[in-house]
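Q: Single-letter residue listing:
There are 2 protein chains.
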Amino acid sequence: MKALGKHIILELWGCDGDTLDSQEVVERALREATEKCGATLLQIITHKFSPQGVSGVAVIAESHISIHTWPELGYAALDIFTCGDADPYQGIPVFKKYFKASKANIVEIKRGVNFE
Amino acid sequence: MKALGKHIILELWGCDGDTLDSQEVVERALREATEKCGATLLQIITHKFSPQGVSGVAVIAESHISIHTWPELGYAALDIFTCGDADPYQGIPVFKKYFKASKANIVEIKRGVNFE
Numbered sequence: 030m031k032a033l034g035k036h037i038i039l040e041l042w043g044c045d046g047d048t049l050d051s052q053e054v055v056e057r058a059l060r061e062a063t064e065k066c067g068a069t070l071l072q073i074i075t076h077k078f079s080p081q082g083v084s085g086v087a088v089i090a091e092s093h094i095s096i097h098t099w100p101e102l103g104y105a106a107l108d109i110f111t112c113g114d115a116d117p118y119q120g121i122p123v124f125k126k127y128f129k130a131s132k133a134n135i136v137e138i139k140r141g142v143n144f145e
Numbered sequence: 030m031k032a033l034g035k036h037i038i039l040e041l042w043g044c045d046g047d048t049l050d051s052q053e054v055v056e057r058a059l060r061e062a063t064e065k066c067g068a069t070l071l072q073i074i075t076h077k078f079s080p081q082g083v084s085g086v087a088v089i090a091e092s093h094i095s096i097h098t099w100p101e102l103g104y105a106a107l108d109i110f111t112c113g114d115a116d117p118y119q120g121i122p123v124f125k126k127y128f129k130a131s132k133a134n135i136v137e138i139k140r141g142v143n144f145e
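Just so you know, the sequences run in chain order A and B. FYI, the numbering for the first sequence is 30 to 145, going by the numbering used here. FYI, the numbering for the second sequence is 30 to 145, going by the numbering used here.
Simulated from the structure, these hints should not be mistaken for lab results. Only a predicted model underlies this, so the values are computations on that prediction, with no experimental measurement involved.
Which copy? The list can't say, so a pair holds if one copy fits it or any two copies do.
The calculated DSSO-like cross-link candidates involving lysine-lysine, where the alpha carbons are at most 30 Å apart (straight line), are:
{"no.": "1", "residue 1": "31", "residue 2": "126"}
{"no.": "2", "residue 1": "35", "residue 2": "65"}
{"no.": "3", "residue 1": "65", "residue 2": "132"}
{"no.": "4", "residue 1": "132", "residue 2": "77"}
{"no.": "5", "residue 1": "31", "residue 2": "77"}
{"no.": "6", "residue 1": "31", "residue 2": "129"}
{"no.": "7", "residue 1": "65", "residue 2": "139"}
{"no.": "8", "residue 1": "77", "residue 2": "126"}
{"no.": "9", "residue 1": "65", "residue 2": "77"}
{"no.": "10", "residue 1": "65", "residue 2": "31"}
{"no.": "11", "residue 1": "129", "residue 2": "65"}
{"no.": "12", "residue 1": "126", "residue 2": "139"}
{"no.": "13", "residue 1": "31", "residue 2": "139"}
{"no.": "14", "residue 1": "35", "residue 2": "139"}
{"no.": "15", "residue 1": "65", "residue 2": "125"}
Using the sequences and the hints given, assemble the complete structure.
A: Right under this line is the structure:
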């Protein structure tokens, strides 16, 4: 059954807190992950929270990549949603590398599967 | 077991194509859904595709709300991710109303559940 897109829900644990708290690193990781997925970046938003934490979203021609970080817990919640030929799995090693994640949990959800 | 956030994956089918293709309606729906969820809007991005389709992401203090539309299929792929006291379910009727969806599929994923 054909799906319109692949949506990966990615939990990263055991990450480096300082890196998770860097707005600059979050933006760099989003840009590099977009490229590795073979996706086209349209717009990027990042936001730094006080006292800690960063949110970032890359809107791509193929849907989006998002990240929300909890530096105090070494945790980041990500999702990579692509349609077309982009491969969301290629983005995962980028985030693992930047945030030095020691554990990952990955769930893929097929989006836009029409049963009829 | 305590979770940091609730992430709702929402599939809407049987939607009105013209409305799904309106960048203005997508932005209005994102703003209203943010409010209904009890969330705080930080930044909003929308993008109109040619010949059809709209992507929109609201970055909220509690994470994000995203939508990607396929007007030609009457389909929209959404996710509503909130942490803290915001209630992501309150956003669903907003999108149902604006896009006149006849069918919905809802999956909730708990984010940031630390087993240790």
